Amino acid sequence: MKTRLKELRARDGLNQTELAKRTKVSRQTISLIEREELMPSLLIAMKLSRIFNEPIDQIFIFKEEELV
Amino acid sequence: MKSFAKFFIGAVFGFFMIYAFLALEFEVTMFDIAYELIWILGAISLILLVLSLVGMLQIKRKASSPLEGEEEDDRDKWQYKKFNDVSLVGNISIIFSIITLSIVIVTKQELFLIICALILVLISGASSFVSPYLLKVMYPERDLPEASDKDYTKKLLASSDEGERHVMLEGLYYTFNSTNILLVGAMIILTVYSVSSEQSQLFAIFIIGLILLTINTQYILQIRNK
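If you're matching them up, the sequences are chains A and B in order. In case it helps, this note's numbering puts the first sequence at residues 1 to 68. In case it helps, this note's numbering puts the second sequence at residues 1001 to 1226.
Quick caveat, the hints were computed from the structure, so don't treat them as lab data. Nothing here was measured: the structure is a model prediction, and the numbers come from that model. Don't be surprised by glycine CBs; every beta carbon is placed ideally from N, CA and C. Any given hint could be a false lead.
Each computed SDA-like pair below joins lysine to any residue, with the alpha-carbon atoms no more than 25 Å apart [as the list claims (entries may be wrong)]:
| no. | chain 1 | residue 1 | chain 2 | residue 2 |
| --- | --- | --- | --- | --- |
| 1 | A | Lys6 | B | Glu1070 |
| 2 | A | Lys21 | B | Leu1169 |
| 3 | B | Lys1136 | A | Arg22 |
| 4 | A | Lys21 | B | Met1138 |
| 5 | B | Lys1136 | B | Leu1118 |
| 6 | A | Lys21 | B | Phe1083 |
| 7 | A | Lys24 | B | Ser1160 |
| 8 | A | Lys24 | B | Ile1059 |
| 9 | B | Lys1062 | B | Ala1126 |
With beta-carbon atoms standing in for the labels, derived distance ranges [as the list claims (entries may be wrong)]:
| no. | chain 1 | residue 1 | chain 2 | residue 2 | range |
| --- | --- | --- | --- | --- | --- |
| 10 | A | Leu67 | B | Arg1165 | 33 to 39 Å |
| 11 | B | Thr1191 | A | Val68 | 50 to 56 Å |
| 12 | B | Ile1095 | A | Ile51 | 41 to 47 Å |
Build out the structure end to end from the sequences listed, making use of the hints.
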């Protein structure tokens, strides 16, 4: 799984701490997701989708074989 | 096949090492060096305690400064690492102070040393109660439990998010495995020492065995009942 979180965060001028506060998670969690070391829960994915106004599959990009 | 060869070489090496130790007939007595050891371990514990308190003050000072952008992220990264460093140093200080007190009591030192060692244990132990306060200073927006709360550790775990749990799980999993290996290793060392020094360490071996039984049963029951 690849994520565009860092790119979207830069686009909207948000730092990790601000995004963490808006998502109501820790900055460590945002950092882990950005580094692709943690696949977020559906709830966090939905929150991120709303914050960036992007569909989930445009924030988290899966390879075709991962979805089969 | 490769791991079998490694295991076989390790077993042969271990056998000869234990055989050599058994033939040595050595004995380590704490009584001769107890007084010096007490001062060295006590001093290390005190230094670590001071370092931990200084670290706590640094975190408190840095947490109050208003920052934005990348600087805010950098501060959070620094605070997170510093908090973990402070916790580690504080825990080592507690362990060293307990060892110091144990040596003082076992080697029947003078009352002054008993009181000093006891105070060191109490102060280093009390310093660990500052951690919940520090967490609140670092993360004022989060709903974290108070140190005085009943089931503090349970509530703290409940208040952590999935990223924090992921990190904790990795850390605890490796720690659990290494604890098992280290305690079994300690039992082997104590058995070899008992035979070579002719000083029975069976009580310590029994206690370690009991700890191994407790932690393994606790772990299995925790995951089995979910």
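Now the hints, each set against the structure:
1. Restraint check for Lys6 of chain A and Glu1070 of chain B: the C-alpha separation of about 13 Å stays at or below 25 Å, so the hint holds.
2. A C-alpha spacing of about 23 Å is found between Lys21 of chain A and Leu1169 of chain B, which places the hinted pair at or below 25 Å, so the restraint holds.
3. Taken as a hint, the Lys1136 of chain B and Arg22 of chain A pair is honoured in the structure, with Cα atoms around 18 Å apart against an allowance of 25 Å.
4. The hinted pair formed by Lys21 of chain A and Met1138 of chain B meets the criterion: a straight-line CA distance of about 13 Å does not exceed 25 Å.
5. For the given pair, Lys1136 of chain B sits about 29 Å from Leu1118 of chain B by alpha-carbon distance, which is inconsistent with the 25 Å threshold.
6. At most 25 Å may separate the alpha-carbon atoms for a hinted pair to count; Lys21 of chain A and Phe1083 of chain B meet this at roughly 20 Å.
7. Taken as a hint, the Lys24 of chain A and Ser1160 of chain B pair is honoured in the structure, with Cα atoms around 11 Å apart against an allowance of 25 Å.
8. For the suggested pair Lys24 of chain A and Ile1059 of chain B, the alpha carbons sit about 22 Å apart, so the restraint of at most 25 Å is met.
9. Restraint check for Lys1062 of chain B and Ala1126 of chain B: satisfied, since their Cα atoms lie roughly 23 Å apart, inside the 25 Å limit.
10. Restraint check, Leu67 of chain A to Arg1165 of chain B: a C-beta distance of roughly 26 Å breaks the suggested window 33 to 39 Å.
11. Against the hinted window of 50 to 56 Å, the Cβ-Cβ separation of Thr1191 of chain B and Val68 of chain A comes to about 54 Å, which satisfies the hint.
12. Distance hint check: the CB atoms of Ile1095 of chain B and Ile51 of chain A are about 44 Å apart, consistent with the given range 41 to 47 Å.
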